[in-house]
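Construct all of the structure, not just a fragment, from the sequences and the given hints.
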Amino acid sequence: MKEKDTKRETRATRAPQKYRNHPQIVLIGQPNCGKSTLFNEVAGYHSVTSNFPGATVTYTRSQVRILNHIYDVVDLPGTYSLTSFDQADRETQNYLLTQRVDVIINVVDASLISRSLELTLQLMELEIPMVLCLNMVDEAERKGIKIDVDKLSMRLGMAVVTTVASRGIGVKELFRSVLRTEHVRKKARHIRGSRDVERIIASLTRLLKQIIPNEIPFSMHLLATKLLEGDPYFEEILRTVRPDLLEKIAEFKQQLAQSHGRSSDEVIDSERHALSMSIFEDVSVVTKPQVHWRDRIDNLLMHNLWGYVFLIVFLFLFFNFIFKGGSFIETPLLAFFDKVSLLLKGTVGSDSLFSIIVNSAFAGMAGGIAVVLPYLFPFLFGLSLLEDVGYLPRVAFLMDVFMHKIGLHGKAIIPAILGYGCNVPAVMATRIMESPRDRLIASLVAAMVPCAARMTVILGLVGYYLGGNAALGVYLFNLVVIALSGALVSRLLPEVTPGLVLEIPAYQLPRLKVTLLKTWLRLKDFIVIAWPLLIVGSAVLGLAEYYQLTDGINRILAPITSLLGLPAKVGMTLIFGVLRKELSMLMLFQALGTHDVLSVMTRGQILVFTIFIVFYIPCVATIGVLYRQVREKGMLAIVGFTFVLALLLGVLTRIVALLIW
Amino acid sequence: MTDRMTLDSVEKEKEVTVVEIQGGWGVRQRLNQLGIHRGDRIVVKRSGIMKGPILIQVHGIEVAVGRGMAQKVVVDVVQ
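Protein chains in written order, with this note's numbering: chain A, 7 to 667; chain B, 793 to 871.
If you're looking for bench data, these hints aren't it; they were derived computationally from the structure.
Using N, Cα and C, we set each Cβ at its ideal position, and we do this for glycine too.
Fair warning: there could be bad hints in the mix.
Claimed, not checked - Quick look at which bits of chain B chain A covers, simulated, 3 or more residues with Cβ under 8 Å:
#1 798 to 805
#2 821 to 829
#3 855 to 867
Stated by the list, open to error - Facing chain A, a subset of chain B residues (Cβ under 8 Å, in silico):
#4 W817
#5 R838
#6 G852
Take a look at the structure:
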């Protein structure tokens, strides 16, 4: 098994042409079943794994050579069923229903087989060749669950292979099975349940086949079942094809409800539940589980008092680790780049157009390496560690009650925590929220959380010139404002949050290699996207100064700078903050022509500048991802809100500063 | 006579059986996805402070359920 050519796609609605020639293998399973681990095992490290539901929010594709055949393997976001509640689920659903899929590998956490089979049964309705990958069999045995693989294979009518993906066990056998299944193209068939329910599903399927034989690109049986379940996604599909049929569907639903004395979705659901329980009981032997250290940890970490104490201690250690680690690396790096910069100026000069571009581009590059990377790396590493261990869902449990105060529920803390690294993945993670309104508020919060870049500005300006306590003050002030903003917006959008329902997975010992690789994968986003921006931005500022454009721009921005009581010269730097927040600070040094900011600006002005930079509109990358998550209106609302907020807070800070100093 | 109550008022370490899931289609489906169905056995593991969420064990899985959600699950205490 050898990796041939891999490509990471962020999002695509159709597979590109070059991918259509090879068999399409799709990995699908419930969250935390080890799909991404399996994917990485066959495709090299391309997919982010985590120990919380919703780690994979978009799909990842890789071309893999297996036993001399080339396949496209796609890792889809984990989903509990084919009914979608958040956007990650929807991605999976959309892919399965609209893209070419030759073989489905249904990855199942063997220790959770009874629940996982409910997804398996739904996947079988798709009538696509399928292989069941019974993953984490070691974990299952620890829990006292022993599964008869042959019997399971017979009941499901498909190959079943046991694996321990995290150690690479059974992966070869799995793909050998996939190969055979692909070769014979044996489609999965749904398993029949009780006769009266089957009769109604069958007659609806027949009806749909008669009326709309060609309009639906996936299994009609699945459509029938999902319509009876009242799934709005499938109702929408029908509405676009034949809206008049919905009335007919209602009749079928009523028929089902009347014969069972409960709503049709409950009938279908209990049917599936009963079926998976019966298969589970038929194929497995359950004995007493071994008690493990992991089961005891939560007595402390989720305790009503100690849980919060540990949470605070962890966060304290976490941030100390970042700052200590960061400054340890930053100081020598800065000294080094200062020397090189002088050397460079000596070589190319500092007056010609060429030399200005070279020198400013170099300043941008050096800033990225010396000021940003030293903090970003330890942060992302620490975060990956917390994720892999499985601590984040516990934080969601502990914080649920507080998140309700700002109109959200516990899950919203996950994007907020991710936001401390970078707002971009944080806004993407709001996909795990169920309702559009929760997604909007969570996005606002995620976009306002002081990311690593803002932290750099707070530390570099307020921390450096006004002292560490002042920096901490700004930081805490920021958090208070975020909480108040969340509360305010929830009042404006009075809708009850759907509430928390979140699986709390077992703790896992992280593997250093995986954690490091994941850190690298995320660091790469900074290196390929933000860093070039920084370099180009610096060069552009150099150019603008060379052509004396800065004065004009500063004049346009004069209303803002004068309202905030800042020197007109800093106007230009505000624009750069839109590209990257830390650019504002680096550009400030350049615009003022000195690193000794106190010689040109008062302490009050430094504070006002920092507050404004920290709060006003998110950076370009965040705006881009906001556009994708909450569409144009939501994005504009967030941009407008933060801008007005920053102005207000800036003026407020100015007044307070005047009173103090 | 069985003890009937909603899931949020069940004591710690008590085992209960789900009798009914009130609320709409969305609530039912979301709870179903995580393995909570009518007739299932649930053990309440812990309950958060200040009307925080509760942690339950169902089919060998731990699931955090918000207080509001838990109020919609009617259960019988297993004697």
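Now the hints, each set against the structure:
no.	hint	result
1	798 to 805	violated (count 0)
2	821 to 829	holds (count 8)
3	855 to 867	holds (count 7)
4	W817	holds (6 Å)
5	R838	holds (6 Å)
6	G852	holds (6 Å)
The structure shown violates just one earlier hint, number 1.
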